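Going down the list, the sequences are from chains A and B. Reminder that position 265 of the first sequence reads as 265 in the working numbering, one-by-one numbering, no gaps. Reminder that position 143 of the second sequence reads as 450 in the working numbering, one-by-one numbering, no gaps.
Certain hints may be false.
With beta-carbon atoms standing in for the labels, derived distance ranges [as the list claims (entries may be wrong)]:
id: 1; chain 1: A; residue 1: Asp260; chain 2: B; residue 2: Ile446; range: 52 to 60 angstroms
id: 2; chain 1: A; residue 1: Asn77; chain 2: B; residue 2: Asn405; range: 44 to 52 angstroms
id: 3; chain 1: B; residue 1: Ile408; chain 2: A; residue 2: Pro51; range: 27 to 35 angstroms
id: 4; chain 1: B; residue 1: Tyr342; chain 2: A; residue 2: Cys96; range: 50 to 58 angstroms
id: 5; chain 1: A; residue 1: Asp239; chain 2: B; residue 2: Gln393; range: 49 to 57 angstroms
id: 6; chain 1: A; residue 1: Pro51; chain 2: B; residue 2: Asn405; range: 45 to 53 angstroms
id: 7; chain 1: B; residue 1: Ile408; chain 2: A; residue 2: Asn77; range: 38 to 46 angstroms
id: 8; chain 1: B; residue 1: Asp370; chain 2: A; residue 2: Asn152; range: 46 to 54 angstroms
id: 9; chain 1: A; residue 1: Lys231; chain 2: B; residue 2: Thr420; range: 26 to 34 angstroms
id: 10; chain 1: B; residue 1: Asp423; chain 2: A; residue 2: Ala3; range: 46 to 54 angstroms
id: 11; chain 1: A; residue 1: Pro51; chain 2: B; residue 2: Asp370; range: 42 to 50 angstroms
id: 12; chain 1: A; residue 1: Glu16; chain 2: B; residue 2: Ser352; range: 27 to 35 angstroms
id: 13; chain 1: A; residue 1: Glu238; chain 2: B; residue 2: Thr420; range: 39 to 47 angstroms
id: 14; chain 1: B; residue 1: Tyr342; chain 2: A; residue 2: Asp239; range: 32 to 40 angstroms
Subject to a maximum C-alpha distance of 25 angstroms in a straight line, what follows is the list of computed DSS-like cross-link-like pairs (lysine-lysine) [what the hints assert, rightly or not]:
id: 15; chain 1: A; residue 1: Lys34; chain 2: A; residue 2: Lys153
id: 16; chain 1: B; residue 1: Lys336; chain 2: B; residue 2: Lys401
id: 17; chain 1: B; residue 1: Lys410; chain 2: A; residue 2: Lys231
id: 18; chain 1: B; residue 1: Lys353; chain 2: B; residue 2: Lys401
id: 19; chain 1: A; residue 1: Lys181; chain 2: A; residue 2: Lys213
id: 20; chain 1: B; residue 1: Lys357; chain 2: B; residue 2: Lys410
id: 21; chain 1: B; residue 1: Lys433; chain 2: B; residue 2: Lys410
id: 22; chain 1: B; residue 1: Lys431; chain 2: A; residue 2: Lys202
id: 23; chain 1: B; residue 1: Lys404; chain 2: B; residue 2: Lys353
id: 24; chain 1: A; residue 1: Lys290; chain 2: A; residue 2: Lys37
id: 25; chain 1: B; residue 1: Lys362; chain 2: A; residue 2: Lys204
id: 26; chain 1: A; residue 1: Lys153; chain 2: A; residue 2: Lys231
id: 27; chain 1: B; residue 1: Lys401; chain 2: A; residue 2: Lys204
id: 28; chain 1: B; residue 1: Lys401; chain 2: A; residue 2: Lys202
id: 29; chain 1: B; residue 1: Lys390; chain 2: A; residue 2: Lys203
id: 30; chain 1: A; residue 1: Lys202; chain 2: B; residue 2: Lys396
id: 31; chain 1: B; residue 1: Lys336; chain 2: B; residue 2: Lys362
id: 32; chain 1: A; residue 1: Lys203; chain 2: B; residue 2: Lys401
id: 33; chain 1: B; residue 1: Lys404; chain 2: B; residue 2: Lys336
id: 34; chain 1: A; residue 1: Lys213; chain 2: A; residue 2: Lys258
id: 35; chain 1: A; residue 1: Lys204; chain 2: B; residue 2: Lys433
id: 36; chain 1: B; residue 1: Lys357; chain 2: B; residue 2: Lys336
id: 37; chain 1: A; residue 1: Lys258; chain 2: A; residue 2: Lys147
id: 38; chain 1: A; residue 1: Lys203; chain 2: B; residue 2: Lys433
id: 39; chain 1: A; residue 1: Lys37; chain 2: A; residue 2: Lys69
id: 40; chain 1: A; residue 1: Lys147; chain 2: A; residue 2: Lys69
Keep in mind that the hints were calculated from the coordinates and are not lab data. Bear in mind the structure is a predicted one, so any value in this text is a computation, not a measurement. For every residue, glycine included, the Cβ atom is placed at its ideal position computed from N, Cα and C.
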Amino acid sequence: MLAGRSLIDPSDFTREEFREIFDLAHQIISNPEKYSKSCEGKILATLFYEPSTRTRFSFEAAMLRLGGKIIGFSEPNSSSTAKGESIADTIRTIECYADIAVMRHPKEGAPRVADQYITMPLINAGDGGHQHPTQTLTDILTIECLKGNVENKVYGFCGDLKFGRTVHSLIKFLSNYEGVKFILISPEELRVPEYIREEIIKKKGIPFQEVEKMEPYMGELDFLYMTRVQKERFFNEEDYIRLKDRFILDMDKMKYAKEDTYILHPLPRVNEISTDVDADPRAQYFVQAKNGMFVRMALILKLLGIY
Amino acid sequence: MLEITSIEKGIVIDHIQAGYGIQLFNYLKLDKAEYSVALIHNAFSKIMGKKDIIKINNAIDIDYDFLGLIDPHITINIIEDGKITQKVKLEVPKVVKNIIICKNPRCVTSIETYFDQVFHLVDKEKRSYRCEYCDDIVIPYPK
């Protein structure tokens, strides 16, 4: 039963519960009109303490396409946070006006704190370099649309795996499925955090490799998940400059990939995928962005208990 | 050899890893105690080589979670009429609240502090813990 629940971390829901969301998302893709009035009279609050384009727009578009309404802020300076209000007070106030809320915050664990103070459903739309569970829903829906299921596949993750919250959430989710293998491509300084490697990958006995070159492994992959090195996660700009251009996917490297190796990226992209890759049918990152709206529609419907 | 008079009624915390006695002493706020308390640092131990001991000449409530967190091998003897009446066996706590502070500068606990700081046990042998909020792993009291 997902009604009234919050999604803060991929481990909050079971496989079966995620299945419910994906099944509904597939139904929405086939007949979006059917759901266009499902959220009439409902309000979604979007609390974005950090900039966002895709995630915020896709949540807002999702709610509007379900017939609901939106309130919120897109940067903390336009809210009471600028006056020093705590997360707990802000979310309790918002609960007076909304039926469901979405929060993005630069501090890791902020949505978990907020969720302790409310009874309405809360969705984590990204907390620092920690987790981004609804991007994972987007990624999984895209993987299912392309290959039918997520099991028995080799997933390459490339770029900033240390601060890449979308990577952490996706690895956490995929770790519950049989036959998955991970190839983690990053500079040593940007490898996955200890809790992901030790507590999730190793504990679940998932085969994985941590490597520093892309080309030798391209031919093994079913999916290559590219990520941006995020300037905003570094306390030291020199480290960012040193690491930002280590992995750039271009058509020369794509020659090493299989014909059905798909390229995913949570976006925004800076330069880690060369624009000439966009025309390759294996590049699926803009399809991902569209799927993000559908799966968020499904999530909102489930958490509000409408479907 | 240094001798500390035995106590009539109270608690003896024995087999504390050498060097950790002072932390425990401070955590239990024994510096504010109005009864007699002894902290013995670097006492000889056949098993440990060196150990710390705390003798408290009063019956007080002890936070066993904190002691288990520092070292589950610590021995606690409850003394009445000059004799040991109970030995408390410690365990590594599965969850600790408001004892460990998260050191991850990106963690929400670095800016807001009005809620419990919660850590979950990850590895009993290493005594490593995971922050409830940011998942950062710490070993608060290395062996």
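Now for the hints, and whether the structure bears them out:
no. : hint                                       : in the structure
1   : A:Asp260 with B:Ile446: 52 to 60 angstroms : 44 angstroms, violated
2   : A:Asn77 with B:Asn405: 44 to 52 angstroms  : 32 angstroms, violated
3   : B:Ile408 with A:Pro51: 27 to 35 angstroms  : 30 angstroms, holds
4   : B:Tyr342 with A:Cys96: 50 to 58 angstroms  : 51 angstroms, holds
5   : A:Asp239 with B:Gln393: 49 to 57 angstroms : 54 angstroms, holds
6   : A:Pro51 with B:Asn405: 45 to 53 angstroms  : 34 angstroms, violated
7   : B:Ile408 with A:Asn77: 38 to 46 angstroms  : 29 angstroms, violated
8   : B:Asp370 with A:Asn152: 46 to 54 angstroms : 49 angstroms, holds
9   : A:Lys231 with B:Thr420: 26 to 34 angstroms : 28 angstroms, holds
10  : B:Asp423 with A:Ala3: 46 to 54 angstroms   : 27 angstroms, violated
11  : A:Pro51 with B:Asp370: 42 to 50 angstroms  : 44 angstroms, holds
12  : A:Glu16 with B:Ser352: 27 to 35 angstroms  : 54 angstroms, violated
13  : A:Glu238 with B:Thr420: 39 to 47 angstroms : 31 angstroms, violated
14  : B:Tyr342 with A:Asp239: 32 to 40 angstroms : 53 angstroms, violated
15  : A:Lys34 with A:Lys153                      : 34 angstroms, violated
16  : B:Lys336 with B:Lys401                     : 24 angstroms, holds
17  : B:Lys410 with A:Lys231                     : 21 angstroms, holds
18  : B:Lys353 with B:Lys401                     : 30 angstroms, violated
19  : A:Lys181 with A:Lys213                     : 17 angstroms, holds
20  : B:Lys357 with B:Lys410                     : 30 angstroms, violated
21  : B:Lys433 with B:Lys410                     : 18 angstroms, holds
22  : B:Lys431 with A:Lys202                     : 16 angstroms, holds
23  : B:Lys404 with B:Lys353                     : 34 angstroms, violated
24  : A:Lys290 with A:Lys37                      : 20 angstroms, holds
25  : B:Lys362 with A:Lys204                     : 45 angstroms, violated
26  : A:Lys153 with A:Lys231                     : 31 angstroms, violated
27  : B:Lys401 with A:Lys204                     : 20 angstroms, holds
28  : B:Lys401 with A:Lys202                     : 21 angstroms, holds
29  : B:Lys390 with A:Lys203                     : 46 angstroms, violated
30  : A:Lys202 with B:Lys396                     : 32 angstroms, violated
31  : B:Lys336 with B:Lys362                     : 14 angstroms, holds
32  : A:Lys203 with B:Lys401                     : 18 angstroms, holds
33  : B:Lys404 with B:Lys336                     : 18 angstroms, holds
34  : A:Lys213 with A:Lys258                     : 17 angstroms, holds
35  : A:Lys204 with B:Lys433                     : 19 angstroms, holds
36  : B:Lys357 with B:Lys336                     : 24 angstroms, holds
37  : A:Lys258 with A:Lys147                     : 14 angstroms, holds
38  : A:Lys203 with B:Lys433                     : 15 angstroms, holds
39  : A:Lys37 with A:Lys69                       : 11 angstroms, holds
40  : A:Lys147 with A:Lys69                      : 35 angstroms, violated
Hint check: violations occur at hints 1, 2, 6, 7, 10, 12, 13, 14, 15, 18, 20, 23, 25, 26, 29, 30 and 40; the rest are consistent with the structure.
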